[in-house]
Amino acid sequence: MAMMRKAKPREVFFGRLSHGDDLLEEISNLCLRENIQLGWVEALGAVKKARLAFYNQETHEYQFFQIDQPLEITKLGGNVSLKDGHPFIHAHITLSDKAGNAYGGHLAAGTVVFACEFKLEVFDGPSIKREFDEATGLPLWTMGD
Amino acid sequence: MAMMRKAKPREVFFGRLSHGDDLLEEISNLCLRENIQLGWVEALGAVKKARLAFYNQETHEYQFFQIDQPLEITKLGGNVSLKDGHPFIHAHITLSDKAGNAYGGHLAAGTVVFACEFKLEVFDGPSIKREFDEATGLPLWTMGD
Amino acid sequence: MAMMRKAKPREVFFGRLSHGDDLLEEISNLCLRENIQLGWVEALGAVKKARLAFYNQETHEYQFFQIDQPLEITKLGGNVSLKDGHPFIHAHITLSDKAGNAYGGHLAAGTVVFACEFKLEVFDGPSIKREFDEATGLPLWTMGD
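Each protein sequence line maps, in turn, to chains A, B and C.
According to this note's numbering, the first sequence is numbered sequentially starting from 69.
According to this note's numbering, the second sequence is numbered sequentially starting from 69.
According to this note's numbering, the third sequence is numbered sequentially starting from 69.
The following block holds chain A by itself, in its conformation from the complex (with noise of 0.2 Å):
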């Protein structure tokens, strides 16, 4: 069953990331830098690459690869929760190539910024901590129960 918290809006950031950034570490940075602990981010722009991963759902392992090639960001949606404490990203993101192919996966370090433009909200409520989730494997959001 689902389960869900209800928050508030406090404030929403447009920003622009810079040319040459790490995408993920760069709003990783924001985050931290304004103690963000619950937050939604949606953007658009361009990498000059991407670096991404699927998980794998038997093995429980996400497999990393790499698209080298400029590439315009179609979509990046994320969230910010906390995890051991701290301002955590788990973002997406979509992308297209020259011909209009698009490709897409769990966006990770290595995604390199060729520009970026995004909206960052943060909300109040109850915190959401990721916690260690057995059937899945993946750190998912607990919501203080």
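There's no promise every hint is true.
Given that identical chains are not distinguished, each listed pair holds provided it fits within a single copy or across any two copies.
[Stated by the list, open to error] When the alpha-carbon atoms are kept at most 20 Å apart in a straight line, the in silico EDC-like pairs for lysine to aspartate or glutamate are as follows:
id	residue 1	residue 2
1	K166	E94
2	K76	E102
3	K117	D165
4	K166	E126
5	K166	E129
6	K74	D192
7	K151	E93
8	K116	E126
9	K76	D165
10	K74	E94
11	K116	E129
12	K76	E126
13	K166	D136
Source of the hints: derived by calculation from the structure; they are not laboratory data.
Fit chains B and C to the supplied structure of chain A, relying on the hints for placement.
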């Protein structure tokens, strides 16, 4: 010509679906349970398999198809409005496979959750109802006029 | 280094575009009509055909291309800021065909709506203006400093 109506954010739910849930049915259940009449949902995660649809713009029929393999949800986006007096979810989804190739379509029942984290925004505003639209053959939004 | 600014949600519009509209032009018209200076748009639906662009990161030119067939909009995401003193939409789109294959890119004029439902959020905050950026060749966000 486009039509649009103003609404005000009321509250936001953060949550996760459970391993094995039917993705569309479980989001629908949450909206029915909370009586959400106007909303917007964004999500990411992974599915064990997907059942999607493509709307045939000539015959005005949905063509359903399955992708019988584990996939990342790179993005789910959908809205909640009223159809036949009840909360109704309309959602589209983008997925990716182990090689990073992306797929997508209209989310149909039969898509099975591996893990899924969502933000469900609820709004106060004029009711938006779906009614049959002749030009498209779809139940599209009408807005009280 | 990333730059970002705080904003506050003002209001939200829910709406739909009309059958046959130019997707980008009609969203732009709505923003001009309502004088939206800072916003974010999310949408789903379908198009009769798409005209997209891929930004060539070496030559600093957009390469436009068309996909001349009906497609689902699995996701449109974009922002509204100021360019040359006027509201300006920057949107990327993910699409899918009847086989479920996904495509994407920078949304260009010439994409024709079959049906499209959107959420357009409007914010109060410091103005965000697009100005020429040497490193990328693009009109990127500056934030009043």
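Against the structure, the hints come out as follows:
Proximity of K166 and E94 under a CA criterion of 20 Å is satisfied in neither setting, with 26 Å inside one chain copy and 26 Å between copies. Proximity of K76 and E102 under a CA criterion of 20 Å is satisfied in both settings, with 18 Å inside one chain copy and 16 Å between copies. For the identical chains of this complex, K117 and D165 are neighbours both inside a copy (11 Å) and across copies (18 Å), given an alpha-carbon limit of 20 Å. When the C-alpha separation of K166 and E126 is checked against a cutoff of 20 Å, the pair qualifies only between copies, where the shortest distance is 12 Å, while the shortest distance within a copy is 33 Å.
Within a single copy, K166 and E129 get their C-alpha atoms only as close as 31 Å, which misses the 20 Å cut-off; across copies the closest is 12 Å, which meets it. Proximity of K74 to D192 under the C-alpha cut-off of 20 Å is found in both arrangements, the shortest distances being 9 Å within a copy and 16 Å between copies. For the identical chains of this complex, K151 and E93 are intra-copy neighbours only, at 15 Å inside a copy versus 29 Å across copies, given an alpha-carbon limit of 20 Å. In this assembly of identical chains, K116 and E126 lie within 20 Å of each other by CA distance solely across copies; the values are 10 Å between and 32 Å within a copy.
In this assembly of identical chains, K76 and D165 lie within 20 Å of each other by CA distance neither inside one copy nor across copies; the values are 37 Å within and 35 Å between. Taking the shortest alpha-carbon separations for K74 and E94, only the inter-copy value of 17 Å comes in at or below 20 Å, while the best intra-copy value is 28 Å. Proximity of K116 to E129 under the C-alpha cut-off of 20 Å is restricted to the inter-copy arrangement: shortest distance 15 Å between copies versus 26 Å within a copy. For the identical chains of this complex, K76 and E126 are neighbours neither inside a copy (37 Å) nor across copies (43 Å), given an alpha-carbon limit of 20 Å.
In this assembly of identical chains, K166 and D136 lie within 20 Å of each other by CA distance both inside one copy and across copies; the values are 13 Å within and 16 Å between.
In this structure, the earlier hints numbered 1, 9 and 12 are contradicted, and the remaining ones agree with it.
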